[in-house]
Amino acid sequence: MQEPDRIAQPWGERTPHGRGEPWPARVDQHLADGVAPADVQRWARSASVLHSNGDAMDIAVADGRIAGVRGSADDRVNRGRLGPKDLYGWQANSSPDRLTRPLVRMGGRLVETDWDTAMGRVVAASKRLLGERGPSAIGFYTTGQLFLEEYYTLAAIARGAIGTNHLDGNTRLCTATAAAALKETFACDGQPGSFTDVDNADVIALFGHNAAETQPVLWMRILDRLAGANPPALVCVDPRETPVARAARESGGVHIAPLPGTNVALMNGLLHEVIANGWIDREYIDAHTVGFPELEERVRDYPPEHVARICRIEPEDVRAAARVLGRAERLLSTVLQGFYQSHQATAAAVQVNNLNLVRGMLGRPGCGILQMNGQPTAQNTRECGADGDLTGFRNWENDAHVADIARHWNVDQAQIPHMAPPTHAMQMFRYAEQGSIRMLWVSGTNPAVSMPELARIRRILSQRRLFLVVQDIFPSETAQLADVVLPAATWGEKTGCLTNADRTVHLSEKAVDPPGRARPDLDIFLDYARRMDFRDNDGHPFPQWHDAESAFDAWAACSAGRPCDYSGLSHARLRDAPSGIQWPCTAENPDGTERLYTDGRFWSAPEYCESYGRDLVTGAPLEETEYRALNPDAKAILKAAEHLPPHEPPGDEFPLVLTTGRTIYHFHTRTKTGRVPQLQAAAPEVWVECSAADAQRLGVADGDMAEVATPRGAIRARVRVGAIREGVLFVPFHYGYWDTTGSGPDGGPGRAANELTPTDWDPASKQPLFKTAAARLTRVAGAGSAVPAPRTPGDAGARPATTVGGAS
Amino acid sequence: MSKLRLVLRELHRSETSLARDLLAVADRHRADHEIFHVARDVAGWSQEHVRRLAEAGRDHGVRLNPQPRWELPGVGGLARKAGEALARRPASGLLLLADLRRVHRKATGVSLDWELLAQAAQAMKQQPLVELAADCHPQTLRQMRWANAHLKVTSPQVIAS
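Protein chains in written order, with the numbering used here: chain A, 71 to 878; chain B, -15 to 145.
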């Protein structure tokens, strides 16, 4: 058992393992002050909902309250380890400002009420709009933090009962490109690789993936490999000097810091070198892929010198990285927000798939692709069809797939909209802005801080003509703008399943009761359905299920035969298993599936696939006939893409490039982590990171208060002069206004990074671009003497960890 | 040769017109951010086609402007103002449908012109022109598919709501 200070040392001590060896267990635990292990009356099984890694843990219960957590030693994902957010985050559950009663807007103010009154208003608005304007007047914007059963239920209600095409998750902001990139290459979502590929790889390439902060337990696994026998070399692509970047250089690998917005050029350069040097597996390419000639021709235009000019790096960087990638015997590639939230997101992420495919490195231990997720249960949003996908990875362009869903739900096929792709979140907000969506139901997320161009988002959400329902656990910035607020139960207060970024399914059990009148999200959705009196084709109440377990069973049946097959799983099976289980899991394959595509066979047959793909530049969906001509024999698709200049290049007025991102201590908009003493103290305030050269040129010093401005607006933040490439600024996106001025900056200088970001998204994945905006940095005069900004081990230019612990 | 010049001249005219139209559509629909950005991205293809056509024209004795004026005086500003005035009203959706429909028709015309050029170039064994058409025509088809796809995605909400 370990209980060290995981703020100062977030990754803990090493338990080295050599290549091909199993990862040793190390159990991390944290109990509330004054609670001894003997005081714990019950342990409830669960997994983390504060990142996408799915760290398995048990929740300690003492005197009817959550009293701590303990990592699960036998679980395949974390072998007992927990990250700082896992160890401390549970304390947010018992915050004094939890929402405990429904609220309705009366005379411009939100006042407490009962469930009948609140739900009565939601039902009345729904019925009025359905009668006057039809289902397309209603939209649902959900999250990546609920459970599988809740998403499946929401998808059934929105698409099957109401019949609206407008249902998406905030997974659009963090994970959409992972799904899109997999659909482009494999014609179907589904993570090819496994976290155990870390144990076997000799090269691990992290593309825009600061795993040290976004997935600290996965990073511990990599650190343990680096400390063991036959360590891997790392390749890191990141404009910041992250812990991953430092480890890459120390491992004998390469760190490349391209100018944000140039990822496609860089990837084409790497592919150019790999192909030109013959580091390709011709046999694999011929047997298992289509599109190689087009890819080869496209990347011929991207020699290292040309790429270096676009990315503003050295040509030798490209050659050196390509040598490591090209000579790898077992290559694991991982991708996250540095690609997903940047210019040409899908095109860039697809080139990573191409890299592993041309090298024939897929479906074997250590040879894998991990298109990572951001949100903890983003995977379930995608599988269940609570985002811009249909339930069970079904294809909206394939009538037989839609008929299949209708049969499972026992509703008319015509009821389920499929004349166009499901509406993505950015388009839903546009429809609300135009006035054609009149009711928006936001569950478990906070668009008033997380969406780009916040002044616009606040304006849309504040419209009188928009009926805004917010279902949350705290009075978030978004909740403060709502017409009706529904208090929800959260993790530890309800039972349900969640699936992590490597397809591992965990059961999370109810440990304690929710506070006050708060209810599980599943109960709220089902209550709405009953009050709306939705019926199936036989006149039975729809959805036909009534609790988490029956919802899971309905989902498992609906998923049978699809790639994300859960038919071998149940709550009972997950409760009894020593570890989480990876889908697909069937009766014939009860222990699940570690890696996809092990035999070079794919789910890409035209009649089976989830997607026919899109044009990577225009986003136009391919039609069935085009897809059949492109890929008749169910192979993987090598899709080439040209580099396009970013839409907002730096210029005279805004000479720098702004990128936004994360710190290890906070999740999303801090609604939970900002209420946890250890995490809040570790990173209490927003900051802006800039390079030493830029700081000197602009006359700003470490700790100065400065204004960061873009064409959208400005914020104030303390300057942290750190190792980030010249010409680039970094601002963490977590900080909003719930603990300062309310729902917005209230006339003062703002501090939310998304005041600055543009409304622009990748045409293929529809994921907004949070990492390419033109910006300027100015010292704020009269801000007083410079105060050193807090530093943490995860941050660039960190001071030694020992002094950091004291600072908190 | 004179008829080949005619084809080059017509293609240069239609590509120029398509590029202008795409830029104007972008200006009118700044609040529809994907339309704004993608219309400008793919207008870039037409602008490049125009440049390459002018280059090809030189070899065939046709003087074509490689950099025509892309924005007609006054029109861009007007389009922007009209777009801003309508941005938050449902009517902007109908305007968008009309604009996309016109872009699709124009791009179809350009596509046919590229086909004429490719056919003629093959018959006359003009390999550089065959290659020019092979490079450019696929992008015209992508412009068409883009306009078509957006019509499909947007029309249900605009018309049914």
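Since the hints were made in silico from the structure, they are not lab data. Check the hints yourself; a few may be wrong.
Stated by the list, open to error - For lysine to any residue, the following SDA-like pairs were computed, each having C-alpha atoms within a straight-line distance of at most 25 angstroms:
1) B:K65 x B:V46
2) B:K136 x A:R529
3) B:K136 x A:A484
4) B:K136 x A:E467
5) B:K136 x A:R698
6) B:K136 x A:G783
7) B:K65 x A:Q533
8) B:K136 x A:P781
9) B:K65 x A:Q483
10) B:K65 x A:R529
11) B:K65 x A:P781
12) B:K65 x A:S506
Hint check:
Restraint check: the Cα-Cα separation between K65 of chain B and V46 of chain B comes to about 38 angstroms, which exceeds 25 angstroms; the hinted pair is violated. The hinted pair formed by K136 of chain B and R529 of chain A fails the criterion: a straight-line CA distance of about 28 angstroms is larger than 25 angstroms. Using a Cα cut-off of 25 angstroms, the hinted pair K136 of chain B and A484 of chain A holds, with the two alpha carbons roughly 17 angstroms apart. A C-alpha spacing of about 12 angstroms is found between K136 of chain B and E467 of chain A, which places the hinted pair at or below 25 angstroms, so the restraint holds.
Under the criterion of a C-alpha separation no larger than 25 angstroms, the hint pairing K136 of chain B with R698 of chain A is consistent with the structure, at around 21 angstroms. Distance restraint check for K136 of chain B and G783 of chain A: the Cα-Cα separation of roughly 34 angstroms exceeds the 25 angstroms cut-off, and the hinted pair is therefore not satisfied. A C-alpha spacing of about 22 angstroms is found between K65 of chain B and Q533 of chain A, which places the hinted pair at or below 25 angstroms, so the restraint holds. With a C-alpha separation of about 32 angstroms, the suggested pair K136 of chain B and P781 of chain A falls outside the 25 angstroms cut-off, and the hint is violated.
Annotation: proposed proximity of K65 of chain B to Q483 of chain A is violated, straight-line Cα distance about 43 angstroms (limit 25 angstroms). Taking the CA atoms of K65 of chain B and R529 of chain A, the gap is near 20 angstroms; set against the 25 angstroms cutoff, the hint holds. Annotation: proposed proximity of K65 of chain B to P781 of chain A holds, straight-line Cα distance about 19 angstroms (limit 25 angstroms). Simply put, K65 of chain B and S506 of chain A have alpha-carbon atoms about 22 angstroms apart, close enough for the 25 angstroms limit, and the pair holds.
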